[in-house]
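Student: Letter by letter, the chains look like this.
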Amino acid sequence: MNLSRTARTALWAMLAAGLGVVYVPLLIVMLNSFNTDRTFAWPPSGLTVRWWEAAWNSTGVRDALWTSVQAGAGATVIALVLGTMVAFAIQRYDFFGKNAVSLLVLLPIALPGIVTGIALNNAFRAVLSPFGVSLGLFTVIVGHATFCVVTVYNNVLARLRRTGISLEEASADLGADTFTTFRLVTFPMMRSALLAGGLLAFALSFDEIIVTTFTAGAGVRTLPLWIFENLFRPNQAPVVNVVAAALIVASVVPIYLAQRLSGGDAGVR
Amino acid sequence: MNTAAPARPAPLRTPRRRLAAFLHRHAGVRLSLLLSAPALWLGLAYLGALAALFVTAFWSTDTFTGDLVRVPTWGNFQDLLTADVYRTIALRSVGVAVAVTLIDLLIAFPMAFAMAKLASPRAQRWLVIAVLTPLWASYLVKAYAWRVMLGSEGLLGWGYGLTATVLTLSYLWLPYMILPIYAGLERLPDSLLEAAGDLGARGWRTFRTVVWPLALPAVIAGSVFTFSLSLGDYITVKIVGGTSQLIGNVVYDNIGAANNLPFAAAVATVPVMIMLVYLAAVRRTGALENL
Chain A
1 MNLSRTARTA LWAMLAAGLG VVYVPLLIVM LNSFNTDRTF AWPPSGLTVR WWEAAWNSTG
61 VRDALWTSVQ AGAGATVIAL VLGTMVAFAI QRYDFFGKNA VSLLVLLPIA LPGIVTGIAL
121 NNAFRAVLSP FGVSLGLFTV IVGHATFCVV TVYNNVLARL RRTGISLEEA SADLGADTFT
181 TFRLVTFPMM RSALLAGGLL AFALSFDEII VTTFTAGAGV RTLPLWIFEN LFRPNQAPVV
241 NVVAAALIVA SVVPIYLAQR LSGGDAGVR
Chain B
270 MNTAAPARPA PLRTPRRRLA AFLHRHAGVR LSLLLSAPAL WLGLAYLGAL AALFVTAFWS
330 TDTFTGDLVR VPTWGNFQDL LTADVYRTIA LRSVGVAVAV TLIDLLIAFP MAFAMAKLAS
390 PRAQRWLVIA VLTPLWASYL VKAYAWRVML GSEGLLGWGY GLTATVLTLS YLWLPYMILP
450 IYAGLERLPD SLLEAAGDLG ARGWRTFRTV VWPLALPAVI AGSVFTFSLS LGDYITVKIV
510 GGTSQLIGNV VYDNIGAANN LPFAAAVATV PVMIMLVYLA AVRRTGALEN L
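Protein chains in written order, with this note's numbering: chain A, 1 to 269; chain B, 270 to 560.
Incorrect hints may appear among the rest.
To be verified - Some chain B residues near chain A, calculated using beta-carbon distances under 10 angstroms:
{"hint": "1", "residue": "289"}
{"hint": "2", "residue": "305"}
{"hint": "3", "residue": "310"}
{"hint": "4", "residue": "497"}
{"hint": "5", "residue": "546"}
It should be emphasised that the hints constitute simulated quantities derived from the structure, not laboratory data.
Small disclaimer: the values here were computed from a predicted structure and weren't measured.
No residue lacks a Cβ here, since even glycine has one placed at the ideal position from N, Cα and C.
For reference, chain B alone in the conformation it holds in the complex:
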């Protein structure tokens, strides 16, 4: 400790000091400055890009030249809704996303529960690391690992296809389901579980009436990840999916090979709409605070 502390110097009227005082007095200015750059980047540039993409979905391309025709049309969406192939692919994609989410939930919940409520604090720390570490391993590496295992000479040798896609996606997004549920269950006080037990509830009833309702926001938070990540994926399909395409592949193929950006944009609105509906539906549960 410095015992002979010097007297506090009188405030200097330097420009810096005046600016600091000005900022201190005007919360609105501080807030505007804080929001300026993020608003420009995310609000103007990113949302602008999304809006422009949405507008493009109502344009078309010239069949011969491949140039954009900037005349509004519902054509892309009509094609999307009337062609059986796209309806099949859209339903398949949603089916895959739901399947992946359910599989991950079934595997993740018991794991998260054991981590949060059975493990000692010390073991908990290590288990969290054990779950986190694969999250840092590359997405491609993990998809690749399944390609090797599922390949004809691999450990499993089951071959590629829709089942392989679901398995690989479930594997890829599993930590995204475990971690929110673990965090949610860890916040759940043990005393509630004990109280349920004292009042005569057995394991299953405690789970159904106490644990599950309280863990639901965390489960939904996890499902936002697994659902959204599965819905937009096209890489895993290319690596292990064989010929069964998902929405992402249709978008990708229309950007690349077919050079039909308007149609790609129209297809891309499908997962966006599904995700927006999903997010709006789960907002009330407070799940988004858990992300």
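Only chain A is shown next, with the shape it has when bound in the complex:
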């Protein structure tokens, strides 16, 4: 493309500056996790690993982490099943209300989280309280699964569009029945899309706070809820900062996995 030299330089500079703005705050959090000063006076007066030890030994942090993992795993499994089913229905069939269904899948993330949160809170209390069941981890999983479906749906749909049906037809022509074709042909083609979608679903659930606030029962504390609870407590600030730094480091893992799994087409929701 014939851009002037100035335009090119300007665009590159904007890209570099943009990435700088994106990363500087994260680097500051990382650095502050070693800051000896409790109030994060800038620049740091000295460095210490004391806060990392404190965070590692904090039972609050550990419990919250375990709760988050359970919620994320539960929501991911449900999202995988539901998302795959909708994606197949949308991509392989023509039916009345198809557009409405694809919009419906999108709705939970298109609507503000607080709306989904209070709607589910209201519904759970109305449906569950007559049975003497209160909000708990279960309701968090249901809430998370609702907005995680779309990530799996998008990944599977994109894969189905690309692969077409000729391989499945060939499998049927060779005598494989519906189930065998699914097991030997369709599923292997879907596998990396499912992993990418599942990974995204898990990350989305792991990070969610708004819907969680309204669907978590008393005593159910996911990691984001724990962070938010302790964010405004000055004496907890260093530990919160360490958890934040650890989460930044951990966020590299899914990126690495997604790149390995799908050759770089994962992640764009």
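Since the structure of chain A is provided, determine the placement of chain B on it from the hints.
Tutor: Relative to chain A, chain B alone:
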């Protein structure tokens, strides 16, 4: 290769086989089965919950006992429309959402363009990772990072308030704007840009008449994210917003402290209506295919 392939066995009439054959012949049954669970979950449970919330917006609470009064009334919406404080907050929220969307667009477009059209394929791969990685970092962590930076002892030390909210939200949702635009620009064939150049268009004219119209659906797709995410946010406001509340805070406070679910539900319909109007408006552009 297995050269001595055995002859294909005759189809067995097992129940499994018969079920498979039945499914194979009846596309309608297959479709119904595929749609059953998602329809129950999203159609019945989720839409049902949203509908119930909407109905609740027309109820009220007993001032003394705090119990729900299940008698239809327009009271909540009248309060919402007549009280200046709510109108101010609603307008402020929309203003914040628009500001965040525009700021993100201004920052994201050149970044996405440089990524899609100037970088080599190898660099492109790394740049996408560089943009994606912060997306995986926790929302709270990023808002928290700005709290630390904007705090009185922090690197910037600008303090908290509405400006801090706009800055933090713009930061939070920036990748959601970059990625769709990048994907859109990457699909845009280079030959179109070259053709524009060959026909005498300079950079700016090429941008205005070729790049922008073709990238518009992607831009709108990004704006759906930035707009919707900003509109419903109350956490960032609590972390860096100081005293200037947004719609989300009004909803949250009415659920928690005030224990007035009907009014919270009425307030919550405001962002939903705005988003539905927005989605309906952008549907024609094909932007929703880009999400």
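Student: List in ascending order the numbers of the hints, as given earlier, that are violated by the structure.
Tutor: 5
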